Amino acid sequence: MQSSWLHILWIGLEVTLRLSLYTIVFSIVVAAAFAVASISQRRLVRWTVRFVVDLLRSIPILALLIFVYYGLGKYIASWNIDPFWMAVGALTLGEAAFLSEVFRAGLEAVPRAQWEAATSLGFRRSSALGRIIAPQAVLPSIPGVVNMSIFTFKDSSLASVIAVPEVTQVANQLVSETFKPLQVYLLLAGFYLVVILPFTALAGVAERAVTRYYGLRVDKTSVARN
Amino acid sequence: MTTGEITSDLLRGSIATLEIAGGAWAVSATVGLAFAMVRDVGVLPIRLATVAVTAVLRSTPQLILLYLVFFGLPSIGVNVGGLTAAIVVLGVADASFNAEYYRASLLTVAPMQRDAGMSLGFSRLGTLGFVVLPQAMLYMVAPLLNSFLSLLKTATLASAIGVPEILYRGQNDIQLTGRVVAVIVVVIALYAVACMPLIRLISLVERRARERLYT
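Chains as they are written, first to last, in this note's numbering: chain W, -5 to 220; chain D, 22 to 236.
Hints should not be assumed to be uniformly reliable.
[Unchecked claim] Derived contacts from chain W toward chain D, CB cut-off under 10 Å, selection only:
id : residue
1  : ILE53
2  : PRO54
3  : SER151
4  : ALA165
[Said to hold, decoys possible] Subject to a maximum C-alpha distance of 25 Å in a straight line, what follows is the list of computed SDA-like cross-link-like pairs (lysine to any residue):
id : chain 1 : residue 1 : chain 2 : residue 2
5  : W       : LYS174    : D       : SER96
6  : W       : LYS174    : D       : THR105
7  : W       : LYS174    : W       : VAL189
8  : W       : LYS174    : D       : ASN100
9  : W       : LYS174    : D       : VAL99
10 : W       : LYS174    : W       : ILE156
11 : W       : LYS174    : D       : LEU78
Simulated from the structure, these hints should not be mistaken for lab results.
From a predicted model like this one, the values you see are computed outputs, not experimental measurements.
C-beta atoms are modelled at their ideal positions from N, C-alpha and C, and glycine is treated no differently.
Sequences and hints are given; from them, build the entire structure.
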């Protein structure tokens, strides 16, 4: 009995991992775009992006998921989009909003003199950003990225409410078949722990390393809340 | 249902949301402080146990903790109402984050302060409570506001166990009336009105605290 549970949950875990991986990759791309736009010299661009980021940070991820599912579902039913991709979209919006703040803090932590030096060497703003400023913002952002990955693994469980067959949804079905909620959900929690605990440890290590490297300049992001 | 009726229905839901978030916030602030203090002054096995418990709580999705308490505990004879389950589970899960922030804020106080407290005859707990904690308070303001912001949002998880908060009512309204856009707009507006000023306030307080710490 128990071994077949493990097997069934394992199939769901694969979906969870794929869902999380896509979300993490897309979030990094979207967040980078947000972060660059949020330090734009054009005030309109800067304010618009900061408003959008604050707005996204205000909306619960579960609400994003349900709205994408119900809201778009009505209009794009004919496109036959898999709920899996709706979940990737909704999770990406939520996680990217958080991560863009991490990236922005990273960009803003680069000393102003670096910009001035780049300008005096004849770099345009865009190439100064790409070749000089952004590379220096990568390292201090790593704890934040690890942390966002942890959020994503945890938040991917919310996709179960829009019928994505990830591990929580699989566990729900198992409960309705076996009527053993306590055992199934404890096992499920174990699955998440096995995936996430190494990342939690990694987040701590990354943060200590970056803090040591930069002095006290990096904030405690490894336990930041989404 | 008119848009006005949908709005008033969702506003009723927002009261439940505030109940969950407020209750969980109180739980989180106190339990988090308890975690941090035990980790600071407890004996080694207890300290290690606290570290392990908070790490596990931080690493498990709140939805599953909620299912465990709401669906799991009744099978061993413990019945918990939806609202209580949401407040306790979300509160204790958030406490595992607050514990780290409390600890970080305790670390901002110079070790000499602790030595001075001990040399004046305070016990370890007394030193923590009367000497270190008051000086660390400032650095807890932003994390505690952040905690409330986060709980306002995670309160939506209570909809998964049938507590009629905003999102639960919103989903019902969608199913009853089919007015998807109206519901989405009102829910987002309610959340934006509550959370966006809070986000700005938090970053302001964080900046103040940081300036004070590094200058």
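Checked hints:
Evaluation of the ILE53(W) hint against chain D yields a held restraint, the C-beta minimum of about 5 Å falling below 10 Å. At about 4 Å, the closest approach between the beta carbon of PRO54(W) and any beta carbon in chain D falls short of 10 Å, and the interface hint on this residue holds. With 10 Å as the threshold, the beta carbon of SER151(W) comes within range of chain D, its nearest partner Cβ sitting at about 4 Å, so the hint holds. Checking ALA165(W) against chain D: minimum C-beta separation of about 8 Å stays under 10 Å; hint holds.
Distance restraint check for LYS174(W) and SER96(D): the Cα-Cα separation of roughly 8 Å lies within the 25 Å cut-off, and the hinted pair is therefore satisfied. For the hint linking LYS174(W) to THR105(D), the alpha-carbon distance of about 22 Å falls within 25 Å, and the restraint holds. Only pairs whose Cα atoms come within 25 Å are accepted, and LYS174(W) paired with VAL189(W) is accepted, the gap being roughly 23 Å. Straight-line distance between C-alpha atoms of LYS174(W) and ASN100(D) comes to about 15 Å, which keeps the hinted pair within the 25 Å bound.
Proposed proximity of LYS174(W) and VAL99(D) is supported: the alpha carbons are some 14 Å apart, at most 25 Å. Restraint check: the Cα-Cα separation between LYS174(W) and ILE156(W) comes to about 23 Å, which is no more than 25 Å; the hinted pair holds. Simply put, LYS174(W) and LEU78(D) have alpha-carbon atoms about 22 Å apart, close enough for the 25 Å limit, and the pair holds.
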